[in-house]
Amino acid sequence: MYFLIQSNVYLDPDHYKIFNALEELNIDYDVINIPPTADKIDFETDRKDVFVYGSVTIARLAKQNSDWVPGSFYGGNHLYEVYSQHYGENLLNHKVSIHPISEELSWKKGEEKFIKPYSEAKIFTGKVFTETEWKDFVFEGLQNQNNRITTDSLIQSSEAKRTIKEARLWIVGGQIVDGGYYRFNDNAPFEENVSQDGLDFAKKMIQLFTLEEAFVMDICLTDEGWKIVEINCINSSGFYPNTNVKSVIKALNLYFSN
1 MYFLIQSNVY
11 LDPDHYKIFN
21 ALEELNIDYD
31 VINIPPTADK
41 IDFETDRKDV
51 FVYGSVTIAR
61 LAKQNSDWVP
71 GSFYGGNHLY
81 EVYSQHYGEN
91 LLNHKVSIHP
101 ISEELSWKKG
111 EEKFIKPYSE
121 AKIFTGKVFT
131 ETEWKDFVFE
141 GLQNQNNRIT
151 TDSLIQSSEA
161 KRTIKEARLW
171 IVGGQIVDGG
181 YYRFNDNAPF
191 EENVSQDGLD
201 FAKKMIQLFT
211 LEEAFVMDIC
221 LTDEGWKIVE
231 INCINSSGFY
241 PNTNVKSVIK
251 ALNLYFSN
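So the sequence shown is numbered by UniProt numbering: it starts at 1 and just counts up by one.
A couple of the hints might just be wrong.
Listed below are the simulated PhoX-like cross-link pairs for lysine-lysine, each with C-alpha atoms no more than 25 Å apart in a straight line [claimed, not checked]: (1) Lys-203 / Lys-135; (2) Lys-95 / Lys-204; (3) Lys-204 / Lys-135; (4) Lys-116 / Lys-135.
For the record, the hints were derived by calculation from the structure and aren't laboratory data.
Kindly generate the complete structure, drawing on both the sequences and the hints.
Shown next, in the form of structure tokens:
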């Protein structure tokens, strides 16, 4: 398989690891710089077995190249309105409301909400907000012309819930090929590897609904057991320090080369 990697990915400090992995595995690849305002990928190749990796921009634009296989998995089943129908109450934020970012939200006294982008996953990082924090964020976001937030940008809002620990799992061909924790909360003890009960939960979710041939699932442990935090497009999911990037790339190359 042939990898097309976006070079100008600055928000992921571990992005460079993909180049090391491709070199070690002796896999063909090329590097491209894509402006945020690009409307197409300015790159030509005779190869059809292309997999793209980088920001949401390259993942979105690669969908135009329908002859690239696997190309990009952007969109489709990654939308909350699709996968929530299958995962239901197994989602951390099962009941959500969707609004333009400019729309006033209804807040109870002292309430906290978990708010994230709905369709444009990377225009800001989803997190827990108080009413004041959210209003300040929206005001500053709409004033800043250097980001991609507009008055029509859709956001997804839900009740903030307590998590104990959170992990990112990389799934290829229905199998978990790598996983690691990225957050421990409430003085949860450190663990080197994702616990077996967390992996068993994820495997049940994959059997319930295999979202794509390759995707990323973030899971968390709560007082009510394991839940899915969110689903991410593998073409634009960032690496964490404990991600075994070589294992992920090797699995992608083997699966899609066959």
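Hinted pair, alpha-carbon criterion (25 Å max): Lys-95, Lys-204. Please report holds or violated.
holds, 21 Å
Decide if the proposed pair is consistent with the structure: Lys-116 and Lys-135, CA atoms, cutoff 25 Å inclusive.
holds, 14 Å
Starting from Lys-204, check that the Cα of Lys-135 is at most 25 Å away, please.
violated, 39 Å
Given the hinted pair Lys-203 and Lys-135, is their Cα-Cα distance within 25 Å?
It is violated: about 39 Å lies between the C-alpha atoms, which goes past 25 Å.
In the structure shown, a violation is registered for the earlier hints numbered 1, 3, in ascending order.
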